[in-house]
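Engineer: If you want the building blocks of each chain, they are given just below.
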Amino acid sequence: MLGLNKKDTSLLIVVAILTLLAPFILNPFPTDSAMAQFNAGYPDLMQRFVIFGIFAIGFNILFGLTGYLSFGHAAFLGVGSYSAVWMFKLLSYSVIPAIALSVVVAGLFSLLIGFVSLRRSGIYFSILTLAFAQMSFALAYSVLSNPKFNLTNGETGLQVYSDDPQILQSANAPDLPHLFGVPMRATYTLDVGAWSFDFNAGYYMCAVIMMVVFYLAIRIFRSPFGMMLRAVKSNQQRMNYTGLNSKPYTLAAFVISGMYAGLAGGLMAAMDPLAGAERMQWTASGEVVLMTILGGSGTLIGPVLGAGFIKYFENIFSKINDNVLHSWFAFLPDGLEDAVVFVIHPFIGKGWHLTLGILFMLVVIYLPGGLVEGGQRILNRLKRKKPQTDETKSGESEPAE
Amino acid sequence: MAILKVKDVSKRFGGLKALTDVNLSVEENSVHAIIGPNGAGKSTLLNCLVGKLMPDTGAVLFDNASVLGLEPYQINQMGISRVFQTPEIFGELTVMENMLIPIFAMRDGAFRMHAYETIANETAIVEQAEAMLEEMNMADKRHMHSASLSRGDKRRLEIGMCLSQNPRLLLLDEPTAGMARADTNNTIDLLKQIKDERDITIAIIEHDMHVVFSLAERITVLAQGTPLVEDVPEKIRGHPKVREAYLGEAA
Numbered sequence: 001m002l003g004l005n006k007k008d009t010s011l012l013i014v015v016a017i018l019t020l021l022a023p024f025i026l027n028p029f030p031t032d033s034a035m036a037q038f039n040a041g042y043p044d045l046m047q048r049f050v051i052f053g054i055f056a057i058g059f060n061i062l063f064g065l066t067g068y069l070s071f072g073h074a075a076f077l078g079v080g081s082y083s084a085v086w087m088f089k090l091l092s093y094s095v096i097p098a099i100a101l102s103v104v105v106a107g108l109f110s111l112l113i114g115f116v117s118l119r120r121s122g123i124y125f126s127i128l129t130l131a132f133a134q135m136s137f138a139l140a141y142s143v144l145s146n147p148k149f150n151l152t153n154g155e156t157g158l159q160v161y162s163d164d165p166q167i168l169q170s171a172n173a174p175d176l177p178h179l180f181g182v183p184m185r186a187t188y189t190l191d192v193g194a195w196s197f198d199f200n201a202g203y204y205m206c207a208v209i210m211m212v213v214f215y216l217a218i219r220i221f222r223s224p225f226g227m228m229l230r231a232v233k234s235n236q237q238r239m240n241y242t243g244l245n246s247k248p249y250t251l252a253a254f255v256i257s258g259m260y261a262g263l264a265g266g267l268m269a270a271m272d273p274l275a276g277a278e279r280m281q282w283t284a285s286g287e288v289v290l291m292t293i294l295g296g297s298g299t300l301i302g303p304v305l306g307a308g309f310i311k312y313f314e315n316i317f318s319k320i321n322d323n324v325l326h327s328w329f330a331f332l333p334d335g336l337e338d339a340v341v342f343v344i345h346p347f348i349g350k351g352w353h354l355t356l357g358i359l360f361m362l363v364v365i366y367l368p369g370g371l372v373e374g375g376q377r378i379l380n381r382l383k384r385k386k387p388q389t390d391e392t393k394s395g396e397s398e399p400a401e
Numbered sequence: 402m403a404i405l406k407v408k409d410v411s412k413r414f415g416g417l418k419a420l421t422d423v424n425l426s427v428e429e430n431s432v433h434a435i436i437g438p439n440g441a442g443k444s445t446l447l448n449c450l451v452g453k454l455m456p457d458t459g460a461v462l463f464d465n466a467s468v469l470g471l472e473p474y475q476i477n478q479m480g481i482s483r484v485f486q487t488p489e490i491f492g493e494l495t496v497m498e499n500m501l502i503p504i505f506a507m508r509d510g511a512f513r514m515h516a517y518e519t520i521a522n523e524t525a526i527v528e529q530a531e532a533m534l535e536e537m538n539m540a541d542k543r544h545m546h547s548a549s550l551s552r553g554d555k556r557r558l559e560i561g562m563c564l565s566q567n568p569r570l571l572l573l574d575e576p577t578a579g580m581a582r583a584d585t586n587n588t589i590d591l592l593k594q595i596k597d598e599r600d601i602t603i604a605i606i607e608h609d610m611h612v613v614f615s616l617a618e619r620i621t622v623l624a625q626g627t628p629l630v631e632d633v634p635e636k637i638r639g640h641p642k643v644r645e646a647y648l649g650e651a652a
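Taken in sequence, the protein lines are chains A and B. The numbering used here applies: residue 1 is where the first sequence begins, and numbers increase by one. The numbering used here applies: residue 402 is where the second sequence begins, and numbers increase by one.
Bound conformation, chain A alone:
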């Protein structure tokens, strides 16, 4: 289907079903139950799942295929957000020109940064991208925010004010980002018994876009171009002596992943019309590296899983506090209860980074192929238990890995 082989088609269908049914899948617990805090099916978080999914899919095209580790991809995300907010300020609250411009501007910006950074490889390339991203952050945070020329609105962040031109904004259109008049914030809540499910317009727009770009990523992975990118990672010397110029291939991958990042940034601004410099900071660049490695770099679905995993932990673990812990361990004798809470305390709330760090270490040490490798191992073990199944199939590995 759609020019994909059977395995990729089924992967795409599974991803489509999961994203479309996410409001149900992520809200398995009744609203009033004690477990409700593990529900992730609220619009804000679901939007972040797919937006960071797009960011990580794009990053994986560069890192997973060519092996070039960029530490500055947040710069493209930030540039995308600023472009989108500028479109809201100048044209109208329609998200289409905003998202289109964010992709184009991020593409041009990544062409510039990539052209310079790709003169080096390995650690030097990573440092160059990091330097560029930090320069972009500094530009956005202070340099390009002065009374004479205020492009980014500095610390406050760029937002839409009532005296902005908005030349195409019609009188009856919603006064916040919308797609053909449907506001991004529009949410329909379905109550079924004790459960409640949120269907958010913005989430579904992001989800559809994610499926489109996921499909494009599969096409790139399976194309001759994708094979050349893997050749860059494998042996550049052989590539050059085979009549191939590895530079434009790597640059093309860099620009494509920069455009994915810009798209993610544009969508972020479309969900909430605000762009701040902190989106470009190096921690944001590092986060997408973690997502890709945690999920499984070089695999198709890995980055999406990694993005979901990290965003889930960030939002759910950080909400657990000592009171919640005390209520969980109330059945223990008082002294023991306090002791248990004391031990767990550093790993929750603001300390969720600690939990994430430990999980990341465990994955890197025991599952170098990320969550995808973990899933494959479990599948293989299940297959081995059934003697009838075809043994040769379990030994087959994804060609993209």
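Don't read these hints as lab results, they were simulated from the structure. Keep in mind that a hint or two might mislead.
Heads up, simulated DSBU-like pairs for lysine-lysine below, C-alpha to C-alpha not over 30 angstroms straight-line [said to hold, decoys possible]:
| # | chain 1 | residue 1 | chain 2 | residue 2 |
| --- | --- | --- | --- | --- |
| 1 | B | K542 | A | K385 |
| 2 | B | K406 | B | K593 |
| 3 | A | K383 | B | K542 |
| 4 | B | K636 | B | K406 |
| 5 | A | K233 | B | K542 |
| 6 | A | K7 | B | K542 |
| 7 | B | K408 | B | K642 |
These numbers come from a predicted model, not from an experiment.
Here the structure of chain A is known, so what remains is to put chain B in place on it, guided by the hints.
Structural biologist: Positioned in the frame of chain A, the structure of chain B alone reads:
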């Protein structure tokens, strides 16, 4: 007609004269060997031919066009393929993919943004790659990761990758270095077969005299960065200057 001409090429590394006024011409459709003791400048000379090193003086002409100052991929696109001393292949890719890449490079040039096409739909290229794997006796290994091939198979694959581009000149840098006798003989047989079946010029740099004398039609002996003699193998074998270069003054 000479397909490759090296004229007065010199190359220094600091105080070391690696090559001094090297003149050499390789005839079309011949097998030309360049031999010499360690440090004679064989590898430096080869690197000057493929764009890895830039000679200080002199000219290198391939088919009467200068290759100096060109990048290795440009020189390859002119019709020169190189086999390395240790096989350089795409280890993480499958044997089939290794074979596809040079054929794509030959058809599409140094860069093409074929990001929306599917490899399976490129039937002409897939067929060419299949045929070349067949010729190299590697068709049954097509789905293996090439890093897990044996040393001899890696060498076969690399030679196959070079041949799949139908190069006019094939450069071999000590193709049997570090190989067991059986693998060496297999490689010699393969190269003989290539020479007989194709219109191809082969230039080979080699240490192993057994390989050189079983393949070469002409031999250039290089010593201390300068060609000592050039002749047919029969004359080289007993040449006093060659013996001297290899065994030292005492001989």
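Engineer: Each hint: holds or not?
Structural biologist: Here is how each hint holds up against the structure:
For the hint linking B/K542 to A/K385, the alpha-carbon distance of about 29 angstroms falls within 30 angstroms, and the restraint holds. For the proposed pair B/K406 and B/K593, the alpha carbon gap of about 24 angstroms is at most 30 angstroms, so the pair holds. Simply put, A/K383 and B/K542 have alpha-carbon atoms about 25 angstroms apart, close enough for the 30 angstroms limit, and the pair holds. With a C-alpha separation of about 22 angstroms, the suggested pairing of B/K636 with B/K406 holds against the 30 angstroms cut-off.
For the suggested pair A/K233 and B/K542, the alpha carbons sit about 22 angstroms apart, so the restraint of at most 30 angstroms is met. For the given pair, A/K7 sits about 22 angstroms from B/K542 by alpha-carbon distance, which is consistent with the 30 angstroms threshold. The straight-line distance between the Cα atoms of B/K408 and B/K642 is roughly 22 angstroms, inside the 30 angstroms bound, and the hint therefore holds.
The structure meets every hint from the earlier list without exception.
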